[in-house]
Amino acid sequence: MVPRRRITNPSLLVTLLSLLLSGCLMEESFIFFPEARIDQTPRDVGLAFDDVYFTTSDGIRLNGWFVPSPGARLTLLWSHGNAGNISHRVENIKLLHEKVKINVFIFDYRGYGRSEGKVSEEGTYRDATAALRYLRSRNDIDPKRIVFFGRSLGAAVAADLAAREECLALILETPFVSIREMAKAAFPFLPIGPLLRTRYDIVEKIEKVHVPVLVLHGDRDEVVPYEQGKRVFEAAREPKEFYTIRGAHHNDTFLAGGENYFAALRSFIERVTARPPAS
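Everything in the sequence shown is counted per my numbering, starting at 13 for the first residue and increasing by one.
Simulated from the structure, these hints should not be mistaken for laboratory data.
Incorrect hints may appear among the rest.
[Unchecked claim] Subject to a maximum C-alpha distance of 35 Å in a straight line, what follows is the list of computed DSBU-like cross-link-like pairs (lysine-lysine):
#1 Lys242 <-> Lys111
#2 Lys252 <-> Lys111
#3 Lys113 <-> Lys196
#4 Lys113 <-> Lys130
#5 Lys106 <-> Lys220
#6 Lys130 <-> Lys242
#7 Lys252 <-> Lys156
#8 Lys220 <-> Lys130
#9 Lys242 <-> Lys196
#10 Lys156 <-> Lys242
#11 Lys113 <-> Lys242
#12 Lys220 <-> Lys252
#13 Lys130 <-> Lys156
[To be verified] Label-pair restraints from in silico Cβ distances:
#14 Val57 <-> Arg278: 15 to 25 Å
#15 Ala268 <-> Phe199: 22 to 32 Å
#16 Arg209 <-> Val64: 27 to 37 Å
Computed from a predicted model, the values in this text were never measured in an experiment.
Just so it is clear, CB atoms sit at the ideal spot from N, CA and C, and this is done for glycine as well.
Using the sequences provided together with the hints, build the complete structure.
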């Protein structure tokens with residue numbers, strides 16, 4: 013497994029304090045924490061995978077991994093959080109492969125891992141669109157049976173994509189309402205929110221999503237308040253489900269949640285699989 017420090021994202025509370033003290037200069041450098049070095053690949057944990065490159069609409073070359081699961085009917089398009097890169101999610105990919113038996117396509121945003129460019133909010137949206145376009149071009153998956161999955165900041169990216177593009181379902185893990193709401197929660201007496209250019213407004217986007225939604229949140233999340241996950245859920249349209257990951261903090265959901273966590277994912281996926289795909 014990747015060392016603990018590698019899978020622990022910097023606290024958004026510290027991020028927001030830094031933004032305040034810096035007068036919101038170089039805002040992106042306090043929100044995004046990319047790492048270039050690839051520490052391991054799915055092959056290191058016994059998984060076959062395709063190491064792929066694809067290009068965004070504005071000409072940025074991105075890197076991603078497609079990890080097939082024999083006999084899988086669905087494919088998960090994974091947007092990760094604000095720190096590290098795809099190599100820090102390998103253990104999680106392995107467990108998904110073993111316990112949920114679903115194809116996984118995970119990609120790095122611009123500026124992360126082996127992807128080119130410099131990260132920004134708009135850039136991450138373009139990156140997810142390019143990842144989906146690549147995924148739909150493959151002849152070994154059903155393009156109408158793709159589930160969007162986003163964790164933490166990636167939940168905002170996945171929600172934006174689902175508001176614009178067709179998918180079978182949307183899964184959001186440890187989502188926040190918006191960057192501005194995070195600022196308000198951290199500093200209720202300081203007007204930092206309106207100063208931020210970066211929005212990542214999940215509630216605004218999820219109201220436009222018309223597919224089944226699953227929201228998961230750890231009840232001990234020390235980074236994104238559990239209540240914000242509930243607010244995201246409340247804003248979503250039916251059909252929707254909320255699952256509390258008992259004992260989970262922000263970065264250990266798939267470990268602390270154990271078998272019950274993966275059972276919740278399997279159950280949701282089985283239900284959306286039974287739905288007829290959009291024509």
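Violations among the numbered hints: The structure breaks only hint 3.
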